[in-house]
Amino acid sequence: MNPELQGRVFPPTEPYLVGREKVREFARAVFATNPINLDPEAARAAGYDDVVAPPTFAVVVQEQTLAQLLAEPDSGIDFSRVVHGDQRFTSTRPIVAGDLLTATLTVSSVKTLGAHSMVTAESSIADAAGEHVVTAISTLVVRGED
Amino acid sequence: MAAPAFDGLTVGDMVAERSFALTRDSLVRYAGASGDFNPIHYRDDVAHEVGLPGVLAHGMLTMGFAVQPVVDWAEDPGRIVDYQVRFTRPVVVHPKLGAVVQVVAKVGQLDADARVARVDLTVKVGDETVLGKAQVRVALD
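Keeping their order, the protein sequence lines are chains A and B.
Okay, so the first sequence: first residue is 1 according to the numbering used here, each after it adds one.
Okay, so the second sequence: first residue is 1 according to the numbering used here, each after it adds one.
What the hints contain is simulated information worked out from the structure, not anything from laboratory work.
Heads up, the beta-carbon is just placed ideally off N, CA and C, and yes, glycines get one too.
Each hint should be verified, as a subset may be incorrect.
Stated by the list, open to error - Distance windows between CB atoms, simulated:
{"#": "1", "chain 1": "B", "residue 1": "T88", "chain 2": "A", "residue 2": "S80", "range": "17 to 25 Å"}
{"#": "2", "chain 1": "B", "residue 1": "G35", "chain 2": "A", "residue 2": "P11", "range": "19 to 27 Å"}
{"#": "3", "chain 1": "A", "residue 1": "E145", "chain 2": "B", "residue 2": "N38", "range": "15 to 23 Å"}
{"#": "4", "chain 1": "A", "residue 1": "G7", "chain 2": "B", "residue 2": "V104", "range": "34 to 42 Å"}
{"#": "5", "chain 1": "B", "residue 1": "D7", "chain 2": "A", "residue 2": "H132", "range": "27 to 35 Å"}
{"#": "6", "chain 1": "A", "residue 1": "S80", "chain 2": "B", "residue 2": "G35", "range": "31 to 39 Å"}
Unchecked claim - Each computed EDC-like pair below joins lysine to aspartate or glutamate, with the alpha-carbon atoms no more than 16 Å apart:
{"#": "7", "chain 1": "B", "residue 1": "K133", "chain 2": "A", "residue 2": "D86"}
{"#": "8", "chain 1": "A", "residue 1": "K22", "chain 2": "B", "residue 2": "D36"}
{"#": "9", "chain 1": "B", "residue 1": "K96", "chain 2": "B", "residue 2": "D25"}
Okay, chain A solo, but in the shape it has when bound (with noise of 0.2 Å):
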């Protein structure tokens, strides 16, 4: 992998919107059971404009920023060799269906360790007002050559 990657800052995806479809969707495939993933009605009784996302939903987002990593020229990631190591999602406020998010990558850190590397990739989602929502951060593990 290549070091230089660290510290690096990737231009912010374009914007996705959050359906309601696509949230409940997304609650019942994660066997999610709380009415205001559900139900428009319980969500706005409990203050929010819509169905709340899980709190994992911003993987869907992140996705694309990961997809910008792997597709760098130089990043010299062999995708083949990828395993999902660590995850984080550090909320400001849920995800809410309507919501239209931005997201921005930035390679927080690059570290070898014999012969695999680790790359941890923080994505910073933000909505259409430029308020942050909620950061998820993945490391990544690329095995050596066996």
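Position chain B relative to chain A; hints supplied.
Okay, now just chain B, sitting in the frame of chain A:
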């Protein structure tokens, strides 16, 4: 809605417990919902070619459902302010038998100033832990 009161919590309290029965259908459903169409999550031949014991659940699927018992306990998904996991072991999903993942959630730490409870998850298939350092921070009143 009656969310749990911060002041009523003690470190070590078990707040939720649930088991999840995964089938291959669960993986296909998650692939569609998330957009992660890596074939190791639905094709045995591809999984075996790359040296895996079988088709695996998406790590992000396991992360996604493991927090749900805490969401139900907190009564509002918006109370989850931070959630992290380490993927320690893959979950192999048998074509007929599926896989059963057991989640136990206990209070790990209490931040009285922020009124945030850290809830630690134990996530296992049988005796094997599949998510390590699985921590959910929940903002409470």
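Checked hints:
As the Cβ distance of B:T88 to A:S80 is approximately 21 Å, the hint placing it in 17 to 25 Å holds. Taken as a hint, the range 19 to 27 Å holds for the pair B:G35 and A:P11, whose Cβ atoms sit roughly 21 Å apart. Restraint check, A:E145 to B:N38: a C-beta distance of roughly 21 Å satisfies the suggested window 15 to 23 Å. A hinted range of 34 to 42 Å holds for the C-beta pair A:G7 and B:V104, which are about 39 Å apart.
In this structure, B:D7 and A:H132 meet the distance hint of 27 to 35 Å, their C-beta atoms being roughly 29 Å apart. A:S80 and B:G35 have their C-beta atoms about 19 Å apart, which leaves the hinted 31 to 39 Å range violated. Of the supplied pair hints, the one linking B:K133 and A:D86 holds, its CA atoms being roughly 9 Å apart against a limit of 16 Å. Using a Cα cut-off of 16 Å, the hinted pair A:K22 and B:D36 holds, with the two alpha carbons roughly 14 Å apart.
For the hint linking B:K96 to B:D25, the alpha-carbon distance of about 11 Å falls within 16 Å, and the restraint holds.
Hint violations for this structure: number 6 only, all remaining hints satisfied.
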